[in-house]
Structure formats: structure tokens, C-alpha cells
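Q: Sequence:
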Amino acid sequence: MNDWNIQARARACQACGRAFADKEGFHTLLFEQRSGFERLDVCGGCWEEQHRHGATDRKGFVSHWQGVYAVPPAAPPEPIQRDSAESLLRRITELNDPAWQPAAFILAVMLERKRILKTREQWRQGAKRTFVYELSRTGEVFTIPDPDLHLDQLAAVQRDVAELLERGLPEPAAPTEEPFVPEMSPAEIAAGIGEPRAAAAPAP
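In this note's numbering, the protein residues as written are 20 to 223.
Check the hints yourself; a few may be wrong.
As the list claims (entries may be wrong) - Derived pair list, reagent style DSBU-like, types lysine-lysine, alpha-carbon separation capped at 30 Å:
(1) K133 - K42
(2) K78 - K133
(3) K137 - K147
(4) K133 - K147
(5) K78 - K137
(6) K42 - K137
If you're looking for bench data, these hints aren't it; they were derived computationally from the structure.
Assemble the whole structure, with the sequences as input and the hints as a guide.
A: Below you can see the structure in the form of C-alpha cells.
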């Protein structure tokens, strides 16, 4: 299951299709599906008529919260040399590589302390704890599992995050080309065995 889906806030009610107005209140429902987490944003009217009663009883229900819609700001220019903590977290979650899970968790905690991310929910499944974070500026939702770092691991992960912020994620290795292997050996080529034969004369 993909725990790191990035789901942005919808620009229109996902029940009636009406576009949200600036500073309009809305409701968000989060469900866990087989393919990952599904976010549903609905206006106040649809919440009262369709979802207020029984939404929390739906299969896979995880969380519900209220928000105020804000017209998305113009996208900032992409950083050229350094990644911000926000853009780095987004890139790591898009990779969905478990090797980066500790770094994603540390970045989320950093952004929460700066009040850039808000914790919307946390829950446990067995020994595993998962956090639901929302990016206030865009409404994007990140579902990030707690890697359960021990104290002796924390310093090393923090150093890794500092290096990622300074240098960015490593570029994936370019695929290596397979060496060309001729179908005939050099000796066969030199002897002319590989040259095409003349077509046989048709039988009388």
C-alpha cells in the first residue's frame, strides 16, 4: 500500500461539483482504500445533506476535519541549487521509496514546528503509527508512517536530512548499455562464413 500519497485540496465540491469560493468553509474526509488513501472535500451543504450522518461508519474511514478554502497562490519558482524542506518532502514522497522514510518523517516534524504543516490525524495499526499532515498553503495531504527511530539513529538521520537540503536528492543512475556481442566469432567473420550466400538456382 502507498502510504505517501500527496493529495491536494480540491477546488470544487467533490459531491455536487460546485467550485469553492475564496474563504468558504468546507469539510474533508479521509478514507483508507486498497490503493492508498482517498481524500474527499465537500461543501457545507453537501456535508449536511449527504455526509454528516454515517460518514464515519463508511468502510475505511480514517479522519474528518473542517477547513477554509483559499484561492491557490501563484506557484513559486522552483529552487535551482537548493531544495527547501517543503519541496524536498514532496520529492521524497513522490519517490515512495521506503529507504527515505526516516528522512520524510524528520522533514515533516521540522515543517510542523515551523507551522507549515498541520497534524490532522494519527493512528496505530498494530505496532505501526501513521501521521496525516496537511500543508496549510496548498491543502496537500501527506500520510507518513512513523519510522520509530531510536535515539542512536536520530543524529544520523538528521545529518542525512541536512545533506539532502544542501545537495538535493541524488540523481538516479543512468542505465548502462549492454555491450555489443556479435552473433559470429571474429574467426568466422574473417573467414567470410557470415557473408550472405547466393540464392540457389530454381529447380527445373
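Q: Return the numbers of the hints above that this structure violates; sort them in rising order.
A: 2
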